[in-house]
Amino acid sequence: MKQLMTGNDAMAEAAIQAGCRYYFGYPITPQNEFTAYMARRMPQVGGVFIQSESEIAAINMVMGAAAAGGRAMTSSSSPGISLKQEGISYIAGDQLPAVILNVMRGGPGLGNIAPAQGDYFQATRGGGHGDYRCIVLAPSTVQEGTELIQDAFDLADKYRNPVLILSDGRMGQMMEPVEFKPRPKAEMPPKDYILTGKKGRERRIIRSLYLKEPELEAWNKIIQEKLMKIEENEVRYETRMVEDADLVLIGYGTCARNSKEAMRTLREKGRKVGVFRPITLWPFPYTALSEVVKKARAALVVEMSAGQMVEDVYLAVKDTRPIFFYGRMGGQVPSATEIVQKAEKIFTEKL
Amino acid sequence: MQTTKSHPKSLFPVSTHYCAGCGHGIAHRLIAEALDELGVQDRTIGVAPVGCAVLMYNYIDVDTIEAAHGRAPATATGLKRVRPDCIVFTYQGDGDLAAIGTAEIIHAANRGEHFTTIFLNNAIYGMTGGQMAPTTLVDQKTETTPYGRKPSNEGFPIKACEMLATLDAPYYIERVSVATPAKIRRAKKAIFKAFNYQVEERGFTFVEVISTCPTNWGMSPPDAMKWSVEHMEKVFPLGVFRDKGAEKDRTETGADK
Ligand SMILES: Cc1ncc(C[n+]2csc(CCOP(=O)(O)OP(=O)(O)O)c2C)c(N)n1
Ligand code: SF4
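If you read the protein sequences in the order shown, they are chains A and B. Numbered according to our numbering, the first sequence spans residues 15 to 365. Numbered according to our numbering, the second sequence spans residues -14 to 242.
Note that these hints are calculated values from the structure, not bench results.
Keeping only pairs whose Cα atoms sit at most 30 Å apart, straight-line, the calculated DSS-like set for lysine-lysine is:
id	chain 1	residue 1	chain 2	residue 2
1	B	K(-6)	A	K205
2	A	K199	A	K243
3	A	K226	B	K(-6)
4	B	K(-6)	A	K212
5	A	K195	A	K243
6	A	K212	B	K174
7	A	K213	B	K(-6)
8	B	K174	A	K213
Far from chain A by the CB rule (all over 12 Å, computed), these chain B residues:
id	residue
9	S(-9)
10	P(-2)
11	T113
12	G115
13	Q116
14	A150
15	K168
16	F177
17	G188
18	P206
Not everything, but these chain B residues come out facing chain A in the computed CB check (under 8 Å):
id	residue
19	T29
20	I30
21	V47
22	E51
23	A52
24	T60
25	R66
26	H92
The beta-carbon is built from N, C-alpha and C at its ideal position, and this holds for glycine as well.
Chain B extracted, bound-state conformation (with noise of 0.2 Å):
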C-alpha cells in the first residue's frame, strides 16, 4: 500500500460543497484512494447517507444509490445479495447510523453482510444546521440542548463500535480520527483494510471517523481540530474494537501460544 500523492482516480477533481476543516472530505478522499489501491472502482456501489454527505456521488466517482436517512445498511443489504461480486460501502453520518438508523445498522452488522460501513462521528447533526446527535458528548451544547447535553434529560453518547464489538458476526471494527497527519495515515490503512477484508470476502467491517463540524461547533478549523483530539477522543477512543483477521493471524503464526 503507498501513500497517494496524486488526485486519486476514484474522486472527481472538483472541490466540495463542505465546510473548511470538515472531515467528510478527508473521509472521502480516504475511501477512494482505497479503491483506487484495491482496483475496484469499476465493481463498487456506494450507498450515500441523508446528512451532509447525501452528495457523495458528486465527489466520489462510482456509481451510487441514495439512502433514505438511516436506511442505508438495509439497502447496501439488498444491493449485495444481489451483486456479491460488487464492493458494497455505506458513508454515514450520526444522526443518519446512530440515532434514526440504530436498528438498520445493527441488524446488518448482525448478519455479518458482507459490505463496509464508513461511520463519520462529528458529535453533531450538521446537515440540518448543529442539533445534538446521538454522540454528542455530556455538556457539549448545540442547537437542541442550548445549556449542554444533560444525561438526565438526553443520556449519554452513544458508542458505536463498542456497541457494534458486542456482536459476534462483524469482522472488522476500528475507530480512527483524521484530526492529524498521523491520525489520518492510521485512518487510512483502516479504511484500506476494510475494503479489503471485503474483496476477500470475509465479512462485515465498519470504520468509524472521529470528525468535526467547525461550522456547527462555532469552531475555527485547527480548534476544531484540536476539540476533536482533546473531547472526542477521551469519549471515543481509538482502536482496533475487532480484527477476525488479525485473530486469524495469530492464531495461524502461533503468536497467541
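One chain only, chain A, in its complex shape (with noise of 0.2 Å):
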C-alpha cells in the first residue's frame, strides 16, 4: 500500500525497517523531520534514540554502537556532516560499519537551509583524514531513499565501511508515494569482531593505531583491497534513452529529476537527449558512463554546485567528447526550462 510521506519520514521509517536501532543525531535545518520521527518510533520498537550534545559526539555514538555490533546511524545536514568527518575517518579505519544520512544545504559556511550538492567532492572523495573511501548512495527520489537507506545498513555490514547517503533539502522535504516493500533478508558475513566481553573466546581491540610503518601499511593494504571489491560489485546507475543520443544529461538526486523532466520536452522537440544517472558516486560508474557518452556526441552535466561531479565524468570520459556543465549556487535548483535552454543552447552552437 502506498502512502505520501515526506523524504525525512520515509527515509527514517525505512531505516527502521531495516533493523536500525540505534539513532544519534543533533538538530539541523533541513533534517529535523527525520531526527524527530527517530525520537517518536525507536521507543516503539525497543531502540535507542539520543539527541546527542553535537554531530561529533553522534558519530562517536555510532561508533561505539557499531563496534558493539548494533545497527546504528546518524544523519545530519551539511555543516554537521563537516563536524562528522573525524568520526567517519574513525570508522573507516577501525573498519565498522556505519550508516550516515546527508540532507544537503547550501554552504560554504552556514550557507543556507536550502537544497544543494556542494558537499559532492567531501562524500566521494573522503572527507576526513587518511585514505578511504566511504560508499556514496543517491537516491532520485522518495521511494528510492527508502530502499537505498535499506541497502545502506547492508551495505555497511557486507564491508565493514560507512556508507553515506546524499539527499537534499527538497527531497528531504517533498511529499510522494511510497510503498515499504518487504525486503528478504540479506546473507550477511557474521560479526566476529565485535565487543562483548571476551567471555569464551580471545579478546578483541578495534583501533585504527598501527605505530610500525609495515603495519600501518598492511592494514591500510587490507582497506584498499576491501575498497577494490566494492568497486568491482557495488556501482550502481541509471540510464535513460541514451542508446541514440546525442547528448546526455548527466545528474544524480534532484538534478537527475530536473533532467529527465528536460530531456522529455527536448524530446518532444525532436533532441536526441538521454540522461544517465549515477546511484553510486563512490564507487561511481566511470566505465558504463563512458560507453555511453562515447557513443553520443557530447555530454552535460547538471549540479547544484559549482561544478563538482562534473571533475568524475571527466575522468570517465576524458577529452574524447565535449562535456558541457550546468550549475547553481546557494540553494538554486536547476530547472528543467533552464537545462532546456542549456541543451538548446549546445544543439545550435556547439553540436
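Dock chain to chain to rebuild the complex, using the hints, since each chain is given by itself in its own frame.
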C-alpha cells in the first residue's frame, strides 16, 4: 500500500524497517524531521534514540554502537556532516559499519537551508583524513531513498565500511507516495569483530592505531583491497534513452529528476537527448558512463554546485567528447526549463 | 574486598611503556584488580583514550576500542547502550577529557550513562611532549607556558569533579591520588566502588586520579610524587564529591535524622 510521506520521514521509517535500532543525532535543518521521526519511533521498536550534544558526539556514539554490534546510524545536514568527518575517518580506519545520511543544504559555511549538492567532493573523496572511501548512495525519489537507506545498512555490514546517503533539502521535505516493500533478509558475514566482553573467546581490540609503519601499511592495504572489491561489485546507475542520444544529460539526485523532465521536453522537440544518473557516487560508474557518452556526441553535467561531479565525468570521458556544465549554487535548483535552454544552446552552437 | 598482592588476572604480565614514576601503570593495576574482584573481566569493554594510555589494551586484558581524542564518553555511550550487560569504562587523560573532550564527558555524565570514567589528571599533556593541560597549575611551566601558566592568558585549572558535581545525574564522583601507599589504597577503594556501582546498574560513576608525569615535569619520580601532594592536591582536593549510594544508605539507616 502506498502512502504519502516526506523524504525525511519515509527514509527514517525505512531505516527502522532495515533493523536500525540505534540512532544518534543533533538538530539541523533541513533534516530535522528525520531526527524527530526517530525520536518517536525508536521507543516503539525497543531501540535507542539519543539527541547528542553535537554531531561529533553523535558519530562517535555510532562508532561505539557499531563496535558493540548494533545497527546504528546518524543523520545531519552539510555543516553537521563536516563535524562528523573525524568520526567517519575513525570508523573507516576501524573497519566498522555505519550509515550516515546527509540532507545537503547550501554552503560554504552556514550557507542556507535550501537544497544543494556542494558536498560531493567531501562525500566521495573521503572528507576526513587518511586513505579511505565511503560508499556514497544518491537517491532521486522518496521511494528510492527508502530502498537505498535499507541497502546502505546491508552494504555497511557486508563491507564493514561507512555508507553515506546524499539527499538534499528538497528531497527531504518533498512528499511522494511510497511503499515499504518487505525485503528478503540478506546473507551477512558474521560479526566476528564486535566487542561483547571476551567471555569464551580471545579478547578483541578495535583500533586504527598501528605505530609501526609496515603494520599500518598492511592495514591500509587490507582496506584498499576491500575498496577495490566494492568498486568491482557495487557500481549502480540508471540510464534513460541513451541508445540514440546525441546529448547525454548527467545528474544525480534532484538534478537527475529535473534532467529527466528536460529530456522529455527536448525529445518532444525532436532533440535526441538521454539521461545518465549515477546512483553510487562512490564507486562512480566510470566505465558505464564512458561507454554511454562515447556513443553520443556530447554530455551536459547538471549539478547544484559550482561543478564537482563534473570532475568524475571528465575522469570517465576524458577528452573523447565535449563536456558541458550547468550548475546553480546557493540553494538554487537548476530547473527543467533552464536545462532545456542550456541543451538547446549546445545543439545550436556546439554540435 | 581484599588487597591483591599477586598479579591481577585482568592485567597482562608485561612491563609497560610508561616512564618510571608515572601514575598510569598504578591506575591500570587498580582497574584490573577491581575487575578481578568483581569477576567481570569477561564482560568488560574498555575505551582507550588518545594520550599516553592509548596502548592501554596492551596492559589491561579486556575487549577494547580506541576512541578518537576526547570522544571516549560518546563511544562508550554507544557501546553501553547496545550492551547494557557489559561493564564499560573510559580511561582518559586531562587533555583528552577536560580540553578536547569537555562536551562529551559533561553530556555523558549529564545523561547519567551507565559507564565508569577513570580520569587521570597529571596537569600536563604527556604524550605530545609536555604542553599545558586544562589542569595545569597557575605558574606551572610547560612547553606552551614557558613562563608559567598565567591566568590572564590561560585562565585557571579546570576542576573536573567539581564541575561534574554540579550535574544531577552522576551517581558517584571521587578524586583520589596514587602518590603514597595509603593514597593508593584509598584510590583502589574508589575505583572498586565505581565499578561496583556500575555492576549494580546505578548510573554514571567517575574517579579522578591525581597522577604524575615526572618526564614532562622535569622531576625525579619521588619529587614528582611529592609535588603532586604538595601542589596539585591544594588545587584539586581529594575526596568524595557525590555518592548517591552512601546518601541512600544514610537515609535508609536513618543516619540523616
Ligand atoms: C584531534 C587530535 N588532536 C591532537 C592530537 C594529539 N595529541 C595526542 S595525545 C594529546 C594530549 C594527551 O594529553 P592527556 O590527555 O593529558 O594524556 P597524557 O598523555 O598526559 O596521559 C594530544 C594533544 C590527536 N591525537 N588528535
Ligand atoms: S610522558 Fe608522562 S604521562 Fe606519559 S608515560 Fe611518561 S610520565 Fe607517564
